[in-house]
Amino acid sequence: MVEYNVIRDLSNSLKELLMDRLHKYFPDEFNDDTAITFDSPADIDSNSITGTAKLSIFLYNIVENSHFRNNGPIPDGANKLIRSPLTLDLFYLFIPYAPKRETEMMILEKIMLIFYDHAVLKGEVLNNQLLKSGNEEIRVNSHSFSFEEVNKLWERFLNKPFKLSVSYQFTPIKIASEREEMINRVAERVINIHPMED
33 MVEYNVIRDL SNSLKELLMD RLHKYFPDEF NDDTAITFDS PADIDSNSIT
83 GTAKLSIFLY NIVENSHFRN NGPIPDGANK LIRSPLTLDL FYLFIPYAPK
133 RETEMMILEK IMLIFYDHAV LKGEVLNNQL LKSGNEEIRV NSHSFSFEEV
183 NKLWERFLNK PFKLSVSYQF TPIKIASERE EMINRVAERV INIHPMED
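Letter by letter, the sequence shown follows residues 33 to 230 of my numbering.
Treat the hints with care, as some may be off.
[Stated by the list, open to error] List of simulated lysine-lysine pairs, DSBU-like, C-alpha gap at most 35 angstroms:
1. K142 <-> K154
2. K184 <-> K142
3. K192 <-> K132
4. K142 <-> K132
[What the hints assert, rightly or not] Distance windows between CB atoms, simulated:
5. I39 <-> P131: 17 to 27 angstroms
6. D77 <-> E187: 34 to 44 angstroms
7. L190 <-> H150: 13 to 23 angstroms
8. H99 <-> Y57: 34 to 44 angstroms
These aren't lab readings, by the way, just hints derived from the structure by calculation.
C-beta atoms are modelled at their ideal positions from N, C-alpha and C, and glycine is treated no differently.
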């Protein structure tokens with residue numbers, strides 16, 4: 033069985049998309065892979081950002097999508113059924129770090145524009161492993177927080193100052209089930225007809 037790391041592959045696809053687009057707007061800041069990280073805000077020292085900018089793509093929540101939970105099994109050949117994939121919603125926080133707050137605002141604006149223009153991730157935006165695992169299209173939904181929710185979220189990052197950020201939901205994320213069921217299909221049916229006796 034081929035193994036896929038779907039969550040990692042989506043994260044890398046987001047990184048590649050943002051690196052490609054942000055480099056066009058900010059060539060000095062986003063010029064190598066180290067400019068975009070998957071680190072939590074708790075692990076980033078904003079005071080150490082003195083030169084180029086940095087962007088955190090932080091996966092902060094994973095939820096099973098209940099709408100796909102009861103989908104029926106999928107036929108695989110003549111005598112095998114595979115359970116429908118585990119389907120998830122992934123929630124990411126995008127947090128820019130830069131020496132100037134104006135630069136952070138500009139980065140956020142461009143991130144929002146990028147996802148506005150790519151409301152559905154598909155084709156070359158997704159890496160080959162995602163496509164092979166059955167994730168041909170992934171919807172991008174803006175996920176808004178109330179003021180209280182924002183405060184609660186940042187309270188998790190002890191001793192870290194609040195940073196302006198945006199959140200997006202990515203759905204559906206499909207992870208193939210490893211559960212298979214063998215079935216015996218009816219190959220031939222024989223019907224015997226006997227004359228009725230008087």
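These are the hints, each one checked on the structure:
1. At roughly 20 angstroms between alpha-carbon atoms, K142 and K154 fall within 35 angstroms of each other, so this suggested pair holds.
2. A hinted pair counts as satisfied when its Cα atoms are at most 35 angstroms apart, and K184 with K142 qualifies at roughly 26 angstroms.
3. Restraint check for K192 and K132: satisfied, since their Cα atoms lie roughly 17 angstroms apart, inside the 35 angstroms limit.
4. Annotation: proposed proximity of K142 to K132 holds, straight-line Cα distance about 16 angstroms (limit 35 angstroms).
5. In this structure the hint that I39 and P131 lie 17 to 27 angstroms apart at CB is violated, the actual value being about 32 angstroms.
6. One distance hint, 34 to 44 angstroms for the beta-carbon pair D77 and E187, is violated here, with the actual separation near 18 angstroms.
7. The beta-carbon spacing between L190 and H150, approximately 34 angstroms, falls outside the hinted interval of 13 to 23 angstroms.
8. Between H99 and Y57, the C-beta spacing of about 36 angstroms keeps the proposed range 34 to 44 angstroms intact.
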